[in-house]
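Number of protein chains: 2
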Amino acid sequence: MNETTRSRLAPAARAQAIAELAATFGNRLVTSQPVRQQHGNTTTWIVSEPPDAVIYPQSSAEVQQIVQICARHFVPIIPFGAGTSFEGHVNAPFGGVSIDLKDMNQVLEVHAEDFDCVVQPGITRKRLNEHLRDQGLFFPVDPGADASLGGMASTRASGTTAVRYGTMKDNVLALVVVLASGEVMTTSRRARKSSAGYDLTRLIVGAEGTLGVITEMTLKLHAIPEAISAGVCAFPSVQAACGAAIAAIQVGIPVARVELLDEVQIRSFNAYSKLSMPETPMLFLEFHGSDASVAEQAECFGEVARDYDGSSFQWATSLEERTRLWQARHDVFWANSSFRLGARTVATDVCVPISRLAECVTETKRDIEASGLVAPIVGHAGDGNFHASVLVMMEDADEVARTQAFIERIAERALAMEGTCTGEHGIGQGKKHFLEAEHGSSAIEAMRAIKNALDPNGIMNPGKIV
Amino acid sequence: MNETTRSRLAPAARAQAIAELAATFGNRLVTSQPVRQQHGNTTTWIVSEPPDAVIYPQSSAEVQQIVQICARHFVPIIPFGAGTSFEGHVNAPFGGVSIDLKDMNQVLEVHAEDFDCVVQPGITRKRLNEHLRDQGLFFPVDPGADASLGGMASTRASGTTAVRYGTMKDNVLALVVVLASGEVMTTSRRARKSSAGYDLTRLIVGAEGTLGVITEMTLKLHAIPEAISAGVCAFPSVQAACGAAIAAIQVGIPVARVELLDEVQIRSFNAYSKLSMPETPMLFLEFHGSDASVAEQAECFGEVARDYDGSSFQWATSLEERTRLWQARHDVFWANSSFRLGARTVATDVCVPISRLAECVTETKRDIEASGLVAPIVGHAGDGNFHASVLVMMEDADEVARTQAFIERIAERALAMEGTCTGEHGIGQGKKHFLEAEHGSSAIEAMRAIKNALDPNGIMNPGKIV
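As they're listed, the protein sequences go chains B and A. Heads up, the first sequence is in the numbering used here, so the first residue is 1 and it goes up one at a time. Heads up, the second sequence is in the numbering used here, so the first residue is 1 and it goes up one at a time.
None of these hints come from the bench; they were simulated from the model. Heads up, the beta-carbon is just placed ideally off N, CA and C, and yes, glycines get one too. Warning: the hint list may mix true and false statements.
Label-pair restraints from in silico Cβ distances [to be verified]: (1) B:R127 with A:E369: 26 to 32 Å; (2) A:E113 with B:D309: 15 to 21 Å; (3) B:E320 with A:Q314: 43 to 49 Å; (4) A:D134 with B:E359: 25 to 31 Å; (5) A:E359 with B:E320: 32 to 38 Å; (6) A:T317 with B:A292: 16 to 22 Å; (7) A:K102 with B:E226: 56 to 62 Å; (8) A:Q250 with B:G372: 53 to 59 Å; (9) A:E303 with B:E359: 46 to 52 Å; (10) A:V107 with B:E369: 38 to 44 Å.
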């Protein structure tokens, strides 16, 4: 018998589990409609499926207690971070208990000499970086939103700096995880590398809470660079901008960020952030290093850009200018949300080998136009990863259908170019049907076998990934 | 019933499988004593357990055929690369068939713009880099030995350049794997990153052939740096040398290699490579970048070294000098083998947080002396990883016993310092008994559950890791 079906069929078991949780956790177990609603539907356009209850643990031991109670009654568990994911990760299609980790937000240890720290999963990346700043250290992964570190690990998040510093898979050293059995597992030690057994850390990173609940994380840190410089460069076409980005990497410029924005995105951007950028494809760049190295990188990029008919490079060397620039870049989601009044932003992402990026973006832009949609594009050009943010009037059924069809096509297009249906947002509910096309049936069978081995009753975030 | 036991108890099944393989593969199935012996015991001191037969496939389809025949008869499969591993990975404690992948050594595709290539697992890292050189690209992971890429992935190898370029887990993009079921699985696409489902790539990397046989690999490549410079610096103590290495990283010098050699290693090194280095702890460094950046890095390191009483930095800027230096570093295994005539080199490795490296190396040196052993030390100082190469007279039972006890203590010492019992050599047979102490019982149970899920009959390299 399928156990998630069993739990769906057993509301009595869910009520019993919730009663037991309430007895232990008192008012930290909440069943009110608004709170449940908040924990189902967040930044996704996928229909909301709220949990039966939301619970706020304060320690790994409490999470373990919650999991043990839920496991005994075959009740689903949905880990919840900051709610900034896009693919329905925090929905509760089979009911169950949302574990909101916001109160587990402490920095437990900072080992400055070892460039690592130990944190609880509910801390957000901005708060972590505020905490670290005085020690000259930072955590580089930056998905834009002020996501929780636990959520970032679970969706294998990356963002603007991945081209230089890698994604969450590269920046998590070890995890403490409460498994479906109620046991607590430590995935690795604090050494920077290890060849000791299966890589359980990387198995949990990107598992979207379907294999366990992360309750503690050891993260790699980096030294805040001596110098940071940033700038923008306009190009006559998406091809030219992508060409310059690839060439910059090819000649070995260690770019820290290289973001592509299409002319539609620049329009939205200008409107929201009160800027007056030329409405043409642009690259936003950031260089990290010593003063001399940053200057050299910028000069070298200037030469590359000229080969691709780029405008002269506009510098933002002061902290204020730089902050304004990247704040604007980070506000893309909000800029887009107000770019078409009354529209919902449906953010989708794909990633292709960088040699195919220009082609994939160009075809996608043609598709957007042919579909009669409004969808600015931003891309992490150094990774071949880009987002189309479709601005949809949700009450227009035809436009919703066209958006859905567009999202299908963009994923299929990426897959046809040896790419992935999601570079950094994850599978969740929204992209489950692409998984087999992407990986093939043997890989999906292997994923299912792993899921069944670690969560035989299917209580960990059921209905996501596999 | 334990299936590996079943296969041990069923020599008839093994004979039947071998007969079927011989019928299909003709003289590419070898059962001669010398060839079997070669495939059991290689560079390890662990007692040789040769396979029943060795087979040389030429394609993924042939590997699949071999696995299907073996699976039908519950006969163990041991993947074999270049035989340079240290922990008994290629031994056949339950008999079975060694799959020697040396004929699967082709570079199938190079995507220069995407900085990746597709290779067969039998290619060695030197041959791959020869192939890539003309295109200005290289594969950075360098464990010293001219290992096969498949073996390097399977042991999660790293080596001298990991401090800058990461380990095999960071440089494998995707794998094709023949599973125990005989099915062929592709773990990922060619995109540089993905959030689509469980990270099967990282699960196979480091699995030491216990979850399947790698038959194709997509690898990340890097641009050959415009400039490379290298040099050596002598220090009064291991503490000083480690301190300088940590400080160099702390101030943000992007060192490409930073190798620690103790005074015993320098003696061995001088004798073998006809050099005349001062017999005191040294750091060997390499810097990659533009001409200007390399010069800046070196200057910056010079300042750091002075703070730790380092000698003035001796440069090897010419290709010849550099090659000689790193050749000597890479010949450490051979240097040690001839440093004590008639001795066997028993290489063991551990890895600790870098803040504990000096302490761990110092205690280990004291232990070596107290144990009356000869054991030069080399370390990848930027990762906190080091090797003690015990030079043992195998016919001296007491010395063998002292070596075994020393190996136990070095692993326990690393574990006590939040480190790992192996940074890059792997678990194999030699370090199985440390796995639970390192990871705890829940993690080991999870590893076993994964192993059982993907290889229920235990035919994939049985007796290793779990």
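Do R127 of chain B and E369 of chain A keep their Cβ atoms within the hinted range of 26 to 32 Å? violated (48 Å)
For the range 15 to 21 Å, tell me whether the beta carbons of E113 of chain A and D309 of chain B fit it or not. At roughly 19 Å between Cβ atoms, D309 of chain B and E113 of chain A fall inside 15 to 21 Å, so the hint holds.
Hint says 43 to 49 Å; check whether the CB-CB distance for E320 of chain B and Q314 of chain A agrees. Holds, since E320 of chain B and Q314 of chain A (Cβ atoms, about 45 Å apart) stay within the stated range.
Just tell me: holds or violated, for the beta carbon distance of K102 of chain A and E226 of chain B against 56 to 62 Å? For K102 of chain A and E226 of chain B the Cβ distance comes to about 47 Å; the hint is violated.
Range hint 32 to 38 Å (beta carbons of E359 of chain A and E320 of chain B) holds or violated: violated (44 Å)
53 to 59 Å as the expected CB spacing between G372 of chain B and Q250 of chain A, which holds or is violated: holds (55 Å)
Range hint compliance [Cβ, E303 of chain A to E359 of chain B, 46 to 52 Å]: Check passed, 48 Å falls within 46 to 52 Å.
Taking the beta carbons of D134 of chain A and E359 of chain B, is their distance inside 25 to 31 Å? holds (26 Å)
Using the beta carbons of T317 of chain A and A292 of chain B, state whether their distance is inside 16 to 22 Å or not. 19 Å Cβ-Cβ, so the 16 to 22 Å window holds.
Okay, V107 of chain A versus E369 of chain B on CB: inside 38 to 44 Å? holds (41 Å)
Hint compliance for this structure: hints 1, 5, 7 are not met, and every other hint is.
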